[in-house]
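Asks: Sequence order for the protein chains is A and B. So the first sequence is numbered by the UniProt record's numbering: it starts at 1 and just counts up by one. So the second sequence is numbered by the UniProt record's numbering: it starts at 1 and just counts up by one.
Bear in mind the hints are in silico, worked out from the structure with no lab data behind them. Hints may contain errors.
With a straight-line cut-off of 35 Å between C-alpha atoms, the simulated DSBU-like cross-links for lysine-lysine are [what the hints assert, rightly or not]:
1) B/LYS312 <-> B/LYS368
2) A/LYS91 <-> B/LYS109
3) A/LYS312 <-> B/LYS91
4) A/LYS109 <-> B/LYS248
5) B/LYS248 <-> B/LYS363
6) B/LYS14 <-> A/LYS223
7) B/LYS18 <-> A/LYS91
8) B/LYS439 <-> A/LYS483
9) B/LYS312 <-> A/LYS483
10) A/LYS439 <-> B/LYS91
11) A/LYS363 <-> B/LYS91
12) B/LYS368 <-> A/LYS248
13) A/LYS248 <-> B/LYS363
14) A/LYS223 <-> B/LYS248
15) A/LYS91 <-> B/LYS14
16) B/LYS248 <-> A/LYS248
17) B/LYS14 <-> B/LYS248
18) B/LYS91 <-> A/LYS248
19) B/LYS312 <-> B/LYS223
20) B/LYS483 <-> A/LYS360
21) A/LYS501 <-> A/LYS323
22) B/LYS91 <-> B/LYS323
23) A/LYS91 <-> B/LYS368
24) B/LYS312 <-> A/LYS91
25) B/LYS501 <-> A/LYS91
26) A/LYS323 <-> B/LYS91
2 protein chains.
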Amino acid sequence: MVLRMIARGGNIDKYPAKAHARRVAQNLHESKGIIVVSAAQLVPWPNSDMPAPFRQDRYFYYLTGCNEPGCRVTYELETDILTLWLPAIDKSRVIWTGRGSTVEEALAKYDIDEGRYLPAHTSTLPLQEGTDVILSSLKGELEQNWPHSVFHIIANAAKLDLLFSSTPDDVVLASGIRSSKGTKARQLQWAIDSCRVIKDEHEINLIRQANRISARAHEAVLKHIHHLSNEAEAEAEYMRVCIAHHAKEQAYNPIFGSGVNAAELHYVNNDQDFSHRQMIVIDAGCEVHCYASDVTRTLPLNRSNPGHWPSKEAEQIYNLVAKVQEACIAQMIPGNSFYRVAWLATEMTMAGLLELGILKGDKDEVRKAGTWRGFFPHGLGHHVGLEVHDVPPRPPPKDSKDIVAGDGQPFQEPLPPTWRALDWYNTPQPHNIDPETMKDYTILRPGMIITIEPGVYFNSFLLENFFLNDPAQRQFIDQDVLKRFMPVGGVRIEDDMLITKDGHENLTLAPKGEAMLECIRRGAEEGRRAGRDQVSREARP
Amino acid sequence: MVLRMIARGGNIDKYPAKAHARRVAQNLHESKGIIVVSAAQLVPWPNSDMPAPFRQDRYFYYLTGCNEPGCRVTYELETDILTLWLPAIDKSRVIWTGRGSTVEEALAKYDIDEGRYLPAHTSTLPLQEGTDVILSSLKGELEQNWPHSVFHIIANAAKLDLLFSSTPDDVVLASGIRSSKGTKARQLQWAIDSCRVIKDEHEINLIRQANRISARAHEAVLKHIHHLSNEAEAEAEYMRVCIAHHAKEQAYNPIFGSGVNAAELHYVNNDQDFSHRQMIVIDAGCEVHCYASDVTRTLPLNRSNPGHWPSKEAEQIYNLVAKVQEACIAQMIPGNSFYRVAWLATEMTMAGLLELGILKGDKDEVRKAGTWRGFFPHGLGHHVGLEVHDVPPRPPPKDSKDIVAGDGQPFQEPLPPTWRALDWYNTPQPHNIDPETMKDYTILRPGMIITIEPGVYFNSFLLENFFLNDPAQRQFIDQDVLKRFMPVGGVRIEDDMLITKDGHENLTLAPKGEAMLECIRRGAEEGRRAGRDQVSREARP
Numbered sequence: 001m002v003l004r005m006i007a008r009g010g011n012i013d014k015y016p017a018k019a020h021a022r023r024v025a026q027n028l029h030e031s032k033g034i035i036v037v038s039a040a041q042l043v044p045w046p047n048s049d050m051p052a053p054f055r056q057d058r059y060f061y062y063l064t065g066c067n068e069p070g071c072r073v074t075y076e077l078e079t080d081i082l083t084l085w086l087p088a089i090d091k092s093r094v095i096w097t098g099r100g101s102t103v104e105e106a107l108a109k110y111d112i113d114e115g116r117y118l119p120a121h122t123s124t125l126p127l128q129e130g131t132d133v134i135l136s137s138l139k140g141e142l143e144q145n146w147p148h149s150v151f152h153i154i155a156n157a158a159k160l161d162l163l164f165s166s167t168p169d170d171v172v173l174a175s176g177i178r179s180s181k182g183t184k185a186r187q188l189q190w191a192i193d194s195c196r197v198i199k200d201e202h203e204i205n206l207i208r209q210a211n212r213i214s215a216r217a218h219e220a221v222l223k224h225i226h227h228l229s230n231e232a233e234a235e236a237e238y239m240r241v242c243i244a245h246h247a248k249e250q251a252y253n254p255i256f257g258s259g260v261n262a263a264e265l266h267y268v269n270n271d272q273d274f275s276h277r278q279m280i281v282i283d284a285g286c287e288v289h290c291y292a293s294d295v296t297r298t299l300p301l302n303r304s305n306p307g308h309w310p311s312k313e314a315e316q317i318y319n320l321v322a323k324v325q326e327a328c329i330a331q332m333i334p335g336n337s338f339y340r341v342a343w344l345a346t347e348m349t350m351a352g353l354l355e356l357g358i359l360k361g362d363k364d365e366v367r368k369a370g371t372w373r374g375f376f377p378h379g380l381g382h383h384v385g386l387e388v389h390d391v392p393p394r395p396p397p398k399d400s401k402d403i404v405a406g407d408g409q410p411f412q413e414p415l416p417p418t419w420r421a422l423d424w425y426n427t428p429q430p431h432n433i434d435p436e437t438m439k440d441y442t443i444l445r446p447g448m449i450i451t452i453e454p455g456v457y458f459n460s461f462l463l464e465n466f467f468l469n470d471p472a473q474r475q476f477i478d479q480d481v482l483k484r485f486m487p488v489g490g491v492r493i494e495d496d497m498l499i500t501k502d503g504h505e506n507l508t509l510a511p512k513g514e515a516m517l518e519c520i521r522r523g524a525e526e527g528r529r530a531g532r533d534q535v536s537r538e539a540r541p
Numbered sequence: 001m002v003l004r005m006i007a008r009g010g011n012i013d014k015y016p017a018k019a020h021a022r023r024v025a026q027n028l029h030e031s032k033g034i035i036v037v038s039a040a041q042l043v044p045w046p047n048s049d050m051p052a053p054f055r056q057d058r059y060f061y062y063l064t065g066c067n068e069p070g071c072r073v074t075y076e077l078e079t080d081i082l083t084l085w086l087p088a089i090d091k092s093r094v095i096w097t098g099r100g101s102t103v104e105e106a107l108a109k110y111d112i113d114e115g116r117y118l119p120a121h122t123s124t125l126p127l128q129e130g131t132d133v134i135l136s137s138l139k140g141e142l143e144q145n146w147p148h149s150v151f152h153i154i155a156n157a158a159k160l161d162l163l164f165s166s167t168p169d170d171v172v173l174a175s176g177i178r179s180s181k182g183t184k185a186r187q188l189q190w191a192i193d194s195c196r197v198i199k200d201e202h203e204i205n206l207i208r209q210a211n212r213i214s215a216r217a218h219e220a221v222l223k224h225i226h227h228l229s230n231e232a233e234a235e236a237e238y239m240r241v242c243i244a245h246h247a248k249e250q251a252y253n254p255i256f257g258s259g260v261n262a263a264e265l266h267y268v269n270n271d272q273d274f275s276h277r278q279m280i281v282i283d284a285g286c287e288v289h290c291y292a293s294d295v296t297r298t299l300p301l302n303r304s305n306p307g308h309w310p311s312k313e314a315e316q317i318y319n320l321v322a323k324v325q326e327a328c329i330a331q332m333i334p335g336n337s338f339y340r341v342a343w344l345a346t347e348m349t350m351a352g353l354l355e356l357g358i359l360k361g362d363k364d365e366v367r368k369a370g371t372w373r374g375f376f377p378h379g380l381g382h383h384v385g386l387e388v389h390d391v392p393p394r395p396p397p398k399d400s401k402d403i404v405a406g407d408g409q410p411f412q413e414p415l416p417p418t419w420r421a422l423d424w425y426n427t428p429q430p431h432n433i434d435p436e437t438m439k440d441y442t443i444l445r446p447g448m449i450i451t452i453e454p455g456v457y458f459n460s461f462l463l464e465n466f467f468l469n470d471p472a473q474r475q476f477i478d479q480d481v482l483k484r485f486m487p488v489g490g491v492r493i494e495d496d497m498l499i500t501k502d503g504h505e506n507l508t509l510a511p512k513g514e515a516m517l518e519c520i521r522r523g524a525e526e527g528r529r530a531g532r533d534q535v536s537r538e539a540r541p
């Protein structure tokens, strides 16, 4: 359907499922065994006959490129055969919901070696209840094809439950006699995660395309913001463009937070009037073929003078965050540590808040107290891929052999001694530093896609409950100055950065800074000419 | 937030949770015991850190009017006390996701007797894993307040699992010593279902409001259809209006099926070009405060002559379906049996198909063979309420006492003898006829809201696999005539009918028939004047 959407002046390649499977296998250091991963199921809401939204399991998708429910994928390490198992087609249901792919269609669409149907009843059985049945039915098929590997598991009733379940542990390596849930499943999951960290050209193009559509949708909001008066109307315009461009699925719940709501980081109600609020944070990005984009823009809400800052304070905070983002982006180069970039963001934000007079006192003491966290309470960024918060590089499970990333290079490099005293920028102990070897897993590598999203917020709940009520923190905050800045609400600017061989490419195309203001002004001008104000009033509830 | 949206020239009443609880209690014929129902939880997608969409449990909502996750409600039969249990507020999460209601806010918002906080850790624990913990923590509270009733259950480990689980069986009546999962849970669920069948004024107003917004959204599509060229663009326009009117939640996945897709009843891909297709079926309705609307309109896609039928065949099928709908609507009066209305729809559709020459042969033989089901393969309608397919009246569980509906009247009336031979209109054995007493539970009563949605489809898969390949059916189908009608795809028209004391009220306001055509023509005319064609081309991917 939307294949044409990922075309970039050439033929569209299939999603490289086979290459992914091989890369994962390379990471397993196993010569025998079968990888088995289940697709997500289409199930009704509890106590209802309506289907709950379907979201494909990302591990399954990585090995197939298939977004259909109820499938399985198997990859045999020994023979290098990637098989997609499709739900049998239930003719009596076709009139209601259509059908999934036939084997022939699957072979044409997906980068697999073979397609097969699952036994007829597996397609309608809930997965957990039906596990035994599925396996019993599958047993003949599996025995016939891989007599040495899977049979042992099937014969072992205790392990049947694990094979096709859909919990976080369900990525199971079914590998001959030595197979066991814990170790093998963790090892396989980690092997896939390690591959997922480095995006190939196909994946990059999907994220590029998601960013392209998100940019269009953000632009549409900029053009219309002058005549909108409620967060819901802005979200409506954003979603209109995404849906029209076949990107209904969002990588996360869109955030349209005006005024104080800008300072609630995962605000999703999106239902309040702009009234006299100064700014709106729009954090919204669509998915394309299960790949995410993640885009944040902060706009002035200045109805009387669209495309201009509503206050000096708003402009100052926006410019501070923009400066931090720009400096961090410049640091997104291969070989650099993301910790260094995050440190830079912290230092610059703190310096900016001191300069504006919101923070006061000695810089080293403020840093030590962590008072800046009252205004920048989240991390600088995260990987983006099949998840909007995609898997980061992680130390290997204790019992694993050395593992390489998707590009065949080892991940871990020793953390430079100067970076070991991480607590001086007050982050919690990071999960991607190996606590024993102090190796740093945040080294930037070509093919990584990571957001850069600094922010400054004025959240009265956070400040009152954790900072202003604590003398050790309060001493570093100038409450008179703070009062002037509270109405700004919050500012965040976020782009998706692809690390390239030579540096980086910013995949996010939505206008920001002066270009954004110009876009709002142009929209307001066009709106005036087209009498768009009138249309808006007509459309109000 | 959206309270103002349900205002109808007066103060807004709270959702009548207490009245619902009392009505349910009346149906239980128990003097002691506590009804306990859990809200839905906010949980991440499997293998992901992103929250899955939240949908409130409808039984919980019926007893609270509260759309917040992680709550519980208890209603003590003896003392008539309705208590809402709120998740404890985790201050460290407020900066991320805000917080749920405080007890004070809950008392102001909801029609409850008291609000209490659940123990702190229950709010973040997944429900199934945390059940024991929740109950242990709750035990003190419960013992203190209801020493006679719940303690027995808490002391019985085998039943702990049942109390707050979220499976279809989780509606549990915790009633003193005699409590047991099976019987009591079924009895309570049935008692609530029986109440839900008859809507009170508050519920009717919510469904009215949902229909009002859906109508606006359908109208917007009508006005723009002349310059749209893909199903996704039509859905985008529909969703824009719903979201802007604070009705982002849809009662079901919107269906925008053009041409052949119109004949796939639950088609949801909504991604194909109109090309030269004749018609589009739009089946889309939003929710307001968890209450559904369900609206279907079928539009001509006639770019060269907007608002006119693209073919004689399209017009004939539309007019047939419209005539059937009109006649059925006229039959929606208190005391009538919905079976009679469904029978009428079948008879009229069959007669129409015979008249058009698509069906041929003797009417009685065609009826007996059920050949009309190749063109009208679904039921005539269903209840609408907290679910789009809301609970219908059902025979009571075997071990229950007599039960009354929300209006205090008994449901069951004996099925008239003439209606007992149901198979003559070829429906499957209905689930709301008591097989032993042959009592008819489909008698229409004031306060019921039921869709009337006849349709005629030309689904080649259905016809080829179940009718044209079967000589017993094929003999009644004129394939030459059929060929002319295949490009029509399908037509369905659906309204939500409220049964009133004197007859009915059509809650669905979206234009249909001539008013719909006129709306398309007006939109095309306005579009021409505003140069909207140009805007559309600009917006294409």
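Asks: Hints first: check each against the structure and report whether it holds.
Replies: The hints, checked one at a time:
1. B/LYS312 <-> B/LYS368: holds (30 Å)
2. A/LYS91 <-> B/LYS109: Given that 35 Å is the threshold and the Cα spacing comes to 49 Å, the pair is violated.
3. A/LYS312 <-> B/LYS91: holds (32 Å)
4. A/LYS109 <-> B/LYS248: Holds, at roughly 33 Å.
5. B/LYS248 <-> B/LYS363: violated (46 Å)
6. B/LYS14 <-> A/LYS223: violated (39 Å)
7. B/LYS18 <-> A/LYS91: This hinted pair is violated, its Cα atoms lying about 47 Å apart.
8. B/LYS439 <-> A/LYS483: Measuring from Cα to Cα gives roughly 71 Å; hence the hint is violated.
9. B/LYS312 <-> A/LYS483: This hinted pair is violated, its Cα atoms lying about 70 Å apart.
10. A/LYS439 <-> B/LYS91: holds (34 Å)
11. A/LYS363 <-> B/LYS91: holds (28 Å)
12. B/LYS368 <-> A/LYS248: Roughly 45 Å between the alpha carbons, so the hint for B/LYS368 and A/LYS248 is violated.
13. A/LYS248 <-> B/LYS363: Violated, because 46 Å separates the two Cα atoms, which is more than 35 Å.
14. A/LYS223 <-> B/LYS248: holds (22 Å)
15. A/LYS91 <-> B/LYS14: Cα-Cα ~47 Å, so violated.
16. B/LYS248 <-> A/LYS248: holds (13 Å)
17. B/LYS14 <-> B/LYS248: Between B/LYS14 and B/LYS248 the Cα gap is close to 22 Å, so the pair holds against 35 Å.
18. B/LYS91 <-> A/LYS248: At roughly 33 Å apart (the allowed maximum being 35 Å), A/LYS248 and B/LYS91 satisfy the hint.
19. B/LYS312 <-> B/LYS223: Cα-Cα ~23 Å, so holds.
20. B/LYS483 <-> A/LYS360: Distance ~81 Å between B/LYS483 and A/LYS360 Cα, so the pair is violated.
21. A/LYS501 <-> A/LYS323: OK: A/LYS501 and A/LYS323 at ~25 Å, within 35 Å.
22. B/LYS91 <-> B/LYS323: violated (60 Å)
23. A/LYS91 <-> B/LYS368: OK: A/LYS91 and B/LYS368 at ~23 Å, within 35 Å.
24. B/LYS312 <-> A/LYS91: holds (32 Å)
25. B/LYS501 <-> A/LYS91: Violated, at about 43 Å.
26. A/LYS323 <-> B/LYS91: Holds. A/LYS323 to B/LYS91 sits at ~31 Å (cutoff 35 Å).
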